[in-house]
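Chemist: Chain residues, written in single-letter form:
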Amino acid sequence: MTPKTKLSCRNVWKLYGQNADALLQQNSNPSGDDIRSAGVIGAVRNANIDIAEGEIFIIMGLSGSGKSTLVRCLSRLIEPTGGEVLFDGIDLLSANEKELIEIRRHKMGMVFQHFALLPHLTVLQNVMFPLTIQATPKDEATAKAREVVELVGLKGREDYYPRELSGGQQQRVGIARSLVTEPDLWFLDEPFSALDPLIRREMQDEFLRLQERLHKTIVFITHDFEEAVRLADRIAIMKDGEVIQIATPEELVMNPATDYVAEFTRHIPRSKVLTVGGVMNTGGTGEGEPIAQSARVSDVAERIIASDAPLPVVDENGQSVGAIDRKAVAHVLFGEGDAE
Amino acid sequence: MTRLSRSQFAILALVLVTIVLGYFGRDLGKALDARWLTKFPSAWVIPFKTYISLAMTWLIEDAAIGPVAFTDVTRTIAWLIEQPYDFVLALLADGFVKGQGNNAQVILPAISWIVVTTAVIALGQYCRDWALAALVGGCFIYLAVFGQWDSAMVTLASVLIAVPIGAGGGLLLGVLAYRHPTFEKVISPVLDLMQTIPIFAYLVPILFMFGFGPISALVATIIYATPPMVRITTLALKAVDSEIQDFGRMAGTTQRQLMWRVLVPSASHSLMVGVNQVIMLTLNMVIIASMIGAGGLGFDVLAALRRLDIGAGFEAGIAIVVLAIAVDRLSQAFAERMGQVHHEVPGSWVARHRRTVLVLILLVVTWVLGQFSPLLLEYPESQTITTGAFWDNTVKYLNVNYFDFFEAIKVFFLTWFMIPIKTVLLGIPWPWAIAMLTLLGWHAGGWRLAMLCGGMASLILVSGLWSKAIVTVYLCGASVILATLIGVPLGVLAALNKRAGTAINLLIDTLQTLPSFVYLIPVVMLFRVGDFTALIAIVLYALAPAVRYAAHGVRSVSEELIEAGLVSGCTRTQLLRHIRLPMALPEILLGINQTIMLALSMLVITALVGTRDLGQEVYIALTKADTGRGLVAGLSIAFIAIIADRLINAGARQARIRFGLES
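Chains A and B, in that order, give the protein sequences. So for the first sequence, the working numbering puts the first residue at -6; every next one is plus one. So for the second sequence, the working numbering puts the first residue at 381; every next one is plus one.
Hints listed in this document are in silico derivations from the structure and should not be mistaken for laboratory results. A hint or two may mislead.
[What the hints assert, rightly or not] Per label pair, the in silico range of CB-to-CB distance: (1) Ile942(B) / Tyr253(A): 25 to 35 Å; (2) Gly146(A) / Gln954(B): 51 to 61 Å; (3) Phe1039(B) / Gln19(A): 38 to 48 Å; (4) Ser622(B) / Ser21(A): 48 to 58 Å; (5) Pro962(B) / Gly25(A): 39 to 49 Å; (6) Ser622(B) / Thr251(A): 27 to 37 Å; (7) Pro962(B) / Asn4(A): 49 to 59 Å.
Note that the structure is predicted; figures quoted are calculated from it, not measured. In this text, a Cβ means the ideal position worked out from N, Cα and C, and glycines have one as well.
Sequences are here, hints too, so could you generate the full structure?
Modeler: So this is what it looks like as structure tokens:
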């Protein structure tokens, strides 16, 4: 059963420049040369994305690739030049100001790279802010805010001001604030990029833990491919405003659509991306304790190497689907390019 | 010696020709029988001032939109300002009085000096610490002990009214300019002009519209103090992190919520800088405002200056400074405190507001017990100290014993510095001068700037103020040269030597807090009236930015460049000459630009000591209540300021582009 689509965008364009509108009206699919000769800048070019309910969808690209612009088009913080954005089947771009405010108040939450906390409010007041502006009764808002503050592990810091907190703690406030309205759709714009590597890792774990409990539909932006691989259900890779490939991490590594994608995946330890299912000898048989098909190779490599004979691989129902031996693992760990 | 390029040679030649032409200009005019070359014929003058005066008369007497006459509008504004002002004035200075004249009955006396002082001490402690409390408390006690209390409270009352209106109005206008770019485009040149026209120029129309009195003075003060707040508001809002704005919109704020609950609070730190500016400008206006009817300390200074009572003027002047320091430090501390760490103390209202309660109790106690002992309400006059006699005697002593010395300095500067500049400038034939200005504009910033320079200079010419404008340029130019020669080295020294830096900073801080009038007093005492006195007063007043910008420019040269110099084996002097100074040049130029602006704004005030420039023209217009004359002269000063500003900015920009600091 395929889960239902929560958010999708069709042929979304964002062009900057004087002739932007005119260009797109003349030609609904201008090429890079068309755009350049018209003197406009193509920040997002013909983006088509479907995001399923409950999935972690990561938009990945280097700075200037248009990923920030795209996510702002999806939330309509930026008005796209053309295309349509469907949220729960509603066309977001035709919503009027009032409807948009309602949607944002109840259905969307967003976390920002530099936290965007209001400096004059305490942690609790910051977290409460989205409720405050909706005129939620104060007791109710406070109770709700305390709940999410506790959820992100900041209990006891409610009366601190943002400047008194570390970067990681500030982002926890940002996360709490974006969750306080219980949104369906959760945007995270490079949420961990401004943090130290150690803290970043900790926050990623925290994020996965939260998602396990909350099951939000997540649009997550990052420029860090390792982060993307770690967190994503699916990844969209952007370059120069175009989405060049949308795939699961494993597919990206196995079948990069272009050299550019391949270049990204090259520096990623394969064992951390590939699953046992992807490299096993399908239909083969092994003996001993079975290994789950969905396990990452790096997590089970030691066991496989330690065993002389191939080990059986099972799917989520415990059915045997194949076997894996140390040769296959060695190939993943030390092999050059292709895992095949 | 490097060889001059062709364009450098051309510039040098033109400068030389201009100087020679200036020096012999008058003779040349006579020889050619063309006096009009140096003296613009009065028959060609366009009588702008008459037009303006007529327009003003029409505005006051006939202008109306439907049934609402223009005067009704001004009366309403006056009434609106008057109500809170009267209340605050009664509270601080006059007391609440019923009836008039001899039948007057005091219902409630003004707040006792003890309560006011306690209140500011409490405020100081609340905003920062006991040190600040001691400072502001000391300031207020000084005012009482030196017998300036009553005047100071009148001044404080006008500050308390002008600042909220100026800051609030500025905030609203700034928000509007931020929201509507078209409005910003309209208001930006207006603000430019308001900041460059000397305040005197618009005193006259205000006088017409609101009459002589404290309300006029308040209106003038508010007009003078608001523009920077508008600017700072727009800038501060634009500087709010775009993520914060995105957050606000994603949280589902309405336009209004976004502005007042997200953007304005996020920008509050920068906004408080604007409020502080408003406060300082308000205090700057204290003396000038007393020319159109403000009482208080400003009036004391002005009156003392008019009767050359040096001691009294100096004392009242110092009192303004003391008041300014107290208000400035308090507002700065308050700004810093905002958004600072403070955890809510639990407890009842009284426990949380101990200071407020204390002050309120004290207020009631002094009011009740004051019925029996006036000591609790007013500082006893017999206990005041005056230093007036001391200052008088000091000046007398200096004048008696060192007269020759002062005279020698004055004569030296006049003969070798000021008079030559004046002669040359006045001798340059005006067609040549305008041509040169246009050329300079073209060289620095293309045809647009050339048009601006040529056009504005021509306007001054046809309004018949050419020679006065030249005197203005001379006085201002001489002061700026002197201020630069003194200020830039001081700034460089301050940047390079920490100990010297501290001392210089202190000096500059002091100079900047003094109201402009106060400079006049000691200088007049020593050098009597005349151009030289004006020169010194202007230099003192305009010195600060030259020092500040030079110091900042030298300090902000990147560390890497310095290290690159050091490893290339530069000596300290070479480092300064080849790396620090060239890199700091754009910043230094901006400092000189600021110096020119300050010098021009000081000109009108020095008219009091008998200069013969546009400043004097404005001042005369004020005393004769001649709107047209005042505005035309004021606008001429503004034009000079704008020309100088644009030329220097274009130059600084070119320098920055050359160094790759800007594209």
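Chemist: Please go over all the hints and tell whether each is borne out by the structure.
Modeler: For each hint, the structure was consulted:
no., hint, in the structure
1, Ile942(B) / Tyr253(A): 25 to 35 Å, "violated (42 Å)"
2, Gly146(A) / Gln954(B): 51 to 61 Å, "holds (58 Å)"
3, Phe1039(B) / Gln19(A): 38 to 48 Å, "holds (44 Å)"
4, Ser622(B) / Ser21(A): 48 to 58 Å, "violated (30 Å)"
5, Pro962(B) / Gly25(A): 39 to 49 Å, "holds (43 Å)"
6, Ser622(B) / Thr251(A): 27 to 37 Å, "holds (32 Å)"
7, Pro962(B) / Asn4(A): 49 to 59 Å, "holds (54 Å)"
In terms of the numbered hints stated before, the structure departs from hints 1 and 4, listed from lowest to highest.
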